[in-house]
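K.L.:
If you're matching them up, the sequences are chains E and W in order. For the record, in the first sequence the residue sitting at position 102 is 103 according to the numbering used here, with numbers rising by one throughout. For the record, in the second sequence the residue sitting at position 61 is 62 according to the numbering used here, with numbers rising by one throughout.
Honestly, the hints are just simulated from the structure, not real lab data. Virtual Cβ for every residue (Gly too), placed ideally from N, Cα, C. One or more of the hints may lead you astray.
[As the list claims (entries may be wrong)] Covered stretches of chain W, going by a simulated chain E footprint (3 or more residues, C-beta under 8 Å):
hint	segment
1	26-40
2	119-127
3	144-155
4	159-171
Single-letter residue listing:
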Amino acid sequence: MFRQGNKLSTSISRLSTLASRAAGVRAKSTLPSLPYDFGALEPVVNSEIMTLHHGKHHATYVNNLNAALEKMSDAMAKQDYATMIALQGAIQFNGGGHLNHSIFWQNLCPVKDVVAPSEANPELAKAIEGQWGSLDNFKTEFNTKTAAIQGSGWGWLGYNKQSKKLEIATCANQDPLVMKGLVPLLGIDVWEHAYYLQYKNARPEYLKQIWQVVNWKDVAARYEAAKKA
Amino acid sequence: MKIELAPLPYDYTALEPKIGKRTLEIHHDKHHAKYVNVANQMIEGTDMEKDDCATIVMKSHKAGNQGLFNNAAQAWNHDFYWKCMKPGGGGKPTGAIADQINKDFGSYDEFKKQFEVAGNTAFGSGWAWLSWDGSKLVVDKTIGAGNPITDGKKPLLTMDVWEHAYYLDYQNMRATYCTDFLDSLVNWDFVNQNFASAK
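With the rest of the complex left out, here is chain E (with noise of 0.2 Å):
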């Protein structure tokens, strides 16, 4: 009952296009730089931890999803139908790893940087407080439902397109938000890897401390691509 859902119905279309586009072009994933310095987070996320989080973990993800990719194509070119269902998995794991961390690095900054929602986009700003009476309630909130998530995974502050609203949400693993139909505007990874070597089984602490180098400014125009697109 409590088995991950059969993620059949996500779409094989969807993974046919990926495929196809893999087969026709053989484009590689890559990992991208941190923006910043591995101890450029320091004090709230040491340089041990950014140095494995980025340089074993997502490029593991990278990799992983690579790999995958490269059988993919080969199963469309044979025809391999069960292989490419047997795919499903490794492809929405890895490539959701490597989605998830890519937004991850760049929603984050050094504390020196950080600025307010307000100074970054006072638009941005008025949705949280409209949404959640002010910032701190939108944290309060958003910390609540990710310290709850029960095992590995992500809280999303996220952008509905049809209701035009702002939502937090939670995802399981590396499920990327998309599948909850949101665009993602702000996550934070809640796998143990991401905090354990400097607060061990304090995740509370964690995502009270991470609020300290939140990128708002890249927060915004996330928040801005998805309104226009």
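Position chain W against the provided structure of chain E, taking the given hints into account.
P.N.:
Only chain W this time, still in chain E's reference frame:
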């Protein structure tokens, strides 16, 4: 009865250098303890107050009570996990389980390969299991608090692959942890006891 947080079957330093003292202190005294405390709070004043942990796991699963299941099952899983390890453990088993492994997997090496794959491909927080399904041994992986007793299987051996189980000692190297678990930590005596009860 309240779910108990039993002490570790060994010292906090006993599994070094594979699993460190700090890991066992936090894993047992913080993570496991919290699951026990939260589960006990949740069953207080309910008809499950007097049930044992396995019964609470089954009842919460059947009732779709995810919150209680997550905590009770994790309490059960961790209690089982500590007993699945011992200092100077690991390596090839002997006794009835060794014979059954050869019968159902072909060889210990094949079992080891499947068990490691299960641990390495639990895409998130989870567990690898060796269980008895009534007629043969099976290797499974579960996500989160998942546990094969809800499928009617009898667990014989488990390995925790939530990152908190290995991160301080292995960081991102889950594969090395999985191999070390089998090579150096498994308490095959406990597995043989479980197998004897399961059959």
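K.L.:
All hints are to be evaluated individually against the structure, with a verdict given for each.
P.N.:
Evaluation of the provided hints:
Given as covered by chain E, the segment 26-40 of chain W passes the check, having 4 residues with a CB less than 8 Å from a CB of that chain where 3 are the minimum. Requiring three or more residues with a Cβ within less than 8 Å of a Cβ of chain E, the coverage given for the segment 119-127 of chain W holds, as 4 such residues are present. Figure legend: the segment 144-155 of chain W, annotated as covered by chain E; annotation consistent (5 residues with Cβ-Cβ distances under 8 Å, at least 3 required). By the rule of at least three residues with a Cβ nearer than 8 Å to a Cβ of chain E, the coverage given for the segment 159-171 of chain W holds, with 5 such residues.
Checked against the numbered hints above, the structure violates none of them.
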